[in-house]
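Here's the letter readout for the chains.
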Amino acid sequence: MKEIRGIIDRFEGDFAVVEFEGRVMKDIPRSNMVSEVKEGDVIFLVDGIYYVDVEETLGRKNEIAKLMENMWE
Amino acid sequence: MIKIPGFRSGKMWKKIVAIFGYLMIASVVSTAVNGGESNNSSPITASIKQERQTTDTKTKTPELEKDTASTTIIQGQKLKISYIDVGQADSILIQIPNGKNVLIDAGNNEDADRIISYIKKQGISKLDIIIGTHPHEDHIGALDTVINSFDIEQVIMPKKDSTTQTFKDVITAIQSKGLKITEARAGVKLNLGSEVNALLIAPNSINYDDINNYSAVLKLSYGSNTFLFTGDASEQSENEIINAEFNLKSDVLKVGHHGSNTASSNAFLNKVQPKYAIISVGKGNTYGHPANITIDDLTNIGAKIYRTDLSGTIIAESDGTNITINNIATEIEPRAPAVVAPVTTPTVTTTVTPKQTPQDVTVYITKSGAKYHSDGCRYLSKSRIPISLSKAKTSYSPCSVCNPPR
Chain H
0 MKEIRGIIDR FEGDFAVVEF EGRVMKDIPR SNMVSEVKEG DVIFLVDGIY
50 YVDVEETLGR KNEIAKLMEN MWE
Chain W
0 MIKIPGFRSG KMWKKIVAIF GYLMIASVVS TAVNGGESNN SSPITASIKQ
50 ERQTTDTKTK TPELEKDTAS TTIIQGQKLK ISYIDVGQAD SILIQIPNGK
100 NVLIDAGNNE DADRIISYIK KQGISKLDII IGTHPHEDHI GALDTVINSF
150 DIEQVIMPKK DSTTQTFKDV ITAIQSKGLK ITEARAGVKL NLGSEVNALL
200 IAPNSINYDD INNYSAVLKL SYGSNTFLFT GDASEQSENE IINAEFNLKS
250 DVLKVGHHGS NTASSNAFLN KVQPKYAIIS VGKGNTYGHP ANITIDDLTN
300 IGAKIYRTDL SGTIIAESDG TNITINNIAT EIEPRAPAVV APVTTPTVTT
350 TVTPKQTPQD VTVYITKSGA KYHSDGCRYL SKSRIPISLS KAKTSYSPCS
400 VCNPPR
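Going down the list, the sequences are from chains H and W.
Using numbering that gives the first Met the number 0, read the first sequence as starting at 0 and increasing by one per residue.
Using numbering that gives the first Met the number 0, read the second sequence as starting at 0 and increasing by one per residue.
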């Protein structure tokens with residue numbers, strides 16, 4: 000079964016704007032997420048609630064950090 | 000004959016050894032004189048250190064305020080700024096009379112076609128500078144496609160990451176073009192020729208909790224006309240800008256964060272004193288933008304408000320002295336359902352110049368007083384809040400000293 004996963008781009012009031020596969024953006028109420036979610040977190044859906052995938056979040060952060068290396072002058 | 004050690008014998012190898020020796024002694028002495036600084040501390044590196052230091056301690060840096068130098072007006076040519084309707088997002092195209100072009104932000108992911116066709120319609124093939132104010136998708140969404148579609152000279156972004164694919168694609172696009180990124184921070188001057196002054200006045204700090212505060216904020220002037228572009232900067236960044244004592248007064252303000260209540264504090268608006276306020280916002284957005292309080296505060300300060308959700312793309316033009324704002328009745332962006340605006344003559348450009356009918360004369364109130372006043376009244380020395388006469392009459396009575404219009 001394919002899990003629904005996304006990345007939190009930003010918060011706007013009571014909503015999280017989440018990037019899903021193919022850069023499709025959706026507004027998800029924050030009440031449908033665990034409270035500790037932060038911008039940049041990778042989240043996945045189980046029984047109507049979004050949880051943070053800590054490991055994948057960290058992995059992505061490292062990957063992006065590497066990509067950003069030496070790009071700013 | 001030189002009678003110092005190393006030169007007495009006249010042997011070449013001894014002379015060479017001696018020269019090295021004397022050079023080393025000289026360098027040690029000069030280090031000691033410079034107070035322990037390493038001896039490659041040229042005046043240039045010293046001044047960079049100084050600047051960092053002042054930035055870190057957030058003390059005033061008068062160097063950064065020199066945005067008042069006069070600009071070269073090109074007669075008959077206009078500075079044109081398009082606040083492109085990209086729904087609930089930002090994208091602003093600045094066309095300078097000398098032919099240079101700047102794009103601030105590139106809307107949502109889905110706005111690529113709209114932005115690119117708008118820029119191409121202006122006959123532009125090169126963007127001299129693109130600014131991604133901060134790494135949220137509603138500002139950098141189509142930036143990768145823009146980078147791939149035009150010649151790009153310089154990219155300016157704050158050094159702040161995002162884990163989204165959107166951000167990753169932007170960085171990859173910049174990398175594939177062989178470009179580097181100029182870090183957005185207060186004090187960075189944009190090199191756009193003598194026709195305009197363009198200075199970043201934020202971000203002023205290195206780290207923020209709220210990513211919106213990383214927003215690059217640009218102050219632009221052409222002749223006597225001034226423009227402020229705030230990205231999504233929130234109150235914290237606004238306060239830092241105020242404390243850094245940048246000259247904020249601007250004729251046209253791109254209102255921060257789509258008119259949300261997180262931006263446009265009264266303290267900030269009081270410094271900016273905008274004549275025109277442009278809100279880039281999507282019709283029927285889920286977030287309640289723009290906030291009523293922002294609209295009220297902008298109205299109270301005397302700004303004429305334009306909104307992309309009501310007018311579509313908004314164009315400001317300046318000849319260096321006067322500004323005209325045209326809101327072309329373009330179709331409104333999706334996420335922004337059709338408006339019931341008078342679009343019967345879609346090609347007509349309406350030039351809106353603020354005209355003052357007797358009903359909408361501006362009068363002034365004070366923070367605490369119950370009277371309204373004419374400009375210049377002595378009761379306005381401490382507090383002077385512009386308000387329309389019609390609005391003033393509903394809750395204030397005319398001052399008996401200055402006898403304002405009734």
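Everything labelled a hint here was simulated from the structure, so no lab data went into it.
Idealized CB from N, CA, C, for every residue including glycine.
Honestly, I wouldn't trust all of these hints.
Cβ-to-Cβ under 10 Å is the rule here; a few derived chain H residues that face chain W [stated by the list, open to error]:
hint, residue
1, 35
2, 54
3, 64
Simulated pairs of lysine to any residue, SDA-like, Cα-Cα distance not exceeding 20 Å [said to hold, decoys possible]:
hint, chain 1, residue 1, chain 2, residue 2
4, W, 188, W, 178
5, H, 60, W, 167
6, W, 79, W, 265
7, W, 167, H, 23
8, W, 99, W, 69
9, W, 282, H, 65
10, H, 25, W, 167
11, W, 274, W, 181
12, H, 65, W, 316
Consistency of the hints with the structure:
no. : hint           : verdict
1   : 35             : violated (15 Å)
2   : 54             : violated (13 Å)
3   : 64             : holds (7 Å)
4   : W:188 to W:178 : holds (19 Å)
5   : H:60 to W:167  : holds (11 Å)
6   : W:79 to W:265  : violated (28 Å)
7   : W:167 to H:23  : holds (15 Å)
8   : W:99 to W:69   : holds (18 Å)
9   : W:282 to H:65  : violated (38 Å)
10  : H:25 to W:167  : holds (18 Å)
11  : W:274 to W:181 : violated (31 Å)
12  : H:65 to W:316  : violated (42 Å)
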